[in-house]
Amino acid sequence: MSGVFFEFVGPVISLNFPWLVDFFLSNLLWLFILSVMVHILFNGQKFVPALAIFTFALWLWGDFETLSGIGFAGAQVLFIYYMAKISLLSIVESTPSLRPHLLAISTISGCAALIVANVFM
1 MSGVFFEFVG PVISLNFPWL VDFFLSNLLW LFILSVMVHI LFNGQKFVPA LAIFTFALWL
61 WGDFETLSGI GFAGAQVLFI YYMAKISLLS IVESTPSLRP HLLAISTISG CAALIVANVF
121 M
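For the sequence shown, position 10 matches number 10 in my numbering, and the numbering has no gaps at all.
What the hints contain is simulated information worked out from the structure, not anything from laboratory work. A few of these clues could be false.
[Claimed, not checked] With a Cα cut of at most 25 Å, we get these calculated SDA-like pairs of lysine to any residue:
{"#": "1", "residue 1": "K85", "residue 2": "T95"}
{"#": "2", "residue 1": "K46", "residue 2": "I70"}
{"#": "3", "residue 1": "K46", "residue 2": "V9"}
{"#": "4", "residue 1": "K85", "residue 2": "A113"}
{"#": "5", "residue 1": "K46", "residue 2": "F5"}
{"#": "6", "residue 1": "K46", "residue 2": "L67"}
[What the hints assert, rightly or not] Label pairs and their calculated CB-CB ranges:
{"#": "7", "residue 1": "A112", "residue 2": "G62", "range": "18 to 28 Å"}
{"#": "8", "residue 1": "S106", "residue 2": "Q76", "range": "19 to 29 Å"}
{"#": "9", "residue 1": "I70", "residue 2": "V36", "range": "26 to 36 Å"}
{"#": "10", "residue 1": "F42", "residue 2": "T107", "range": "17 to 27 Å"}
{"#": "11", "residue 1": "I53", "residue 2": "P11", "range": "12 to 22 Å"}
In this text, a Cβ means the ideal position worked out from N, Cα and C, and glycines have one as well.
Whenever a hint applies, use it, and build me the whole structure from the sequences.
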């Protein structure tokens, strides 16, 4: 089963305009929710490119889960992810020498937690 990105690419390549109109009109709520989120995150700057990148990133994220079987949003995966993040980041924030490296440590711990959750669950 393919995801939203691949369902969208086919009609775009074949120029199936009725399907595209139906797709956009059927997803207006999600379009507005995502637009508000992008506007808040990027302070209204470069809105259209940011919206396009965010949309395709979300679609590809979901398709990757569907096609590979690697989960990112299951309850057990999220439990391990957030417990690892909270415990490690509380240590990093309280250690002055590690505080400048917060972003790198957060990224590495998040990736490691996702790998551990998918390998051992």
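Hint-by-hint comparison with the structure:
1. K85 / T95: holds, 15 Å
2. K46 / I70: At roughly 32 Å apart (the allowed maximum being 25 Å), I70 and K46 break the hint.
3. K46 / V9: holds, 24 Å
4. K85 / A113: At roughly 8 Å apart (the allowed maximum being 25 Å), A113 and K85 satisfy the hint.
5. K46 / F5: holds, 22 Å
6. K46 / L67: violated, 31 Å
7. A112 / G62: 18 to 28 Å: holds, 22 Å
8. S106 / Q76: 19 to 29 Å: holds, 21 Å
9. I70 / V36: 26 to 36 Å: At 29 Å between Cβs, range holds.
10. F42 / T107: 17 to 27 Å: Once the Cβ atoms are compared, 20 Å apart, the range 17 to 27 Å for T107 and F42 holds.
11. I53 / P11: 12 to 22 Å: Given about 20 Å between the Cβ atoms, the range holds.
When the structure is compared with the earlier hints, violations turn up for hints 2, 6 and for no others.
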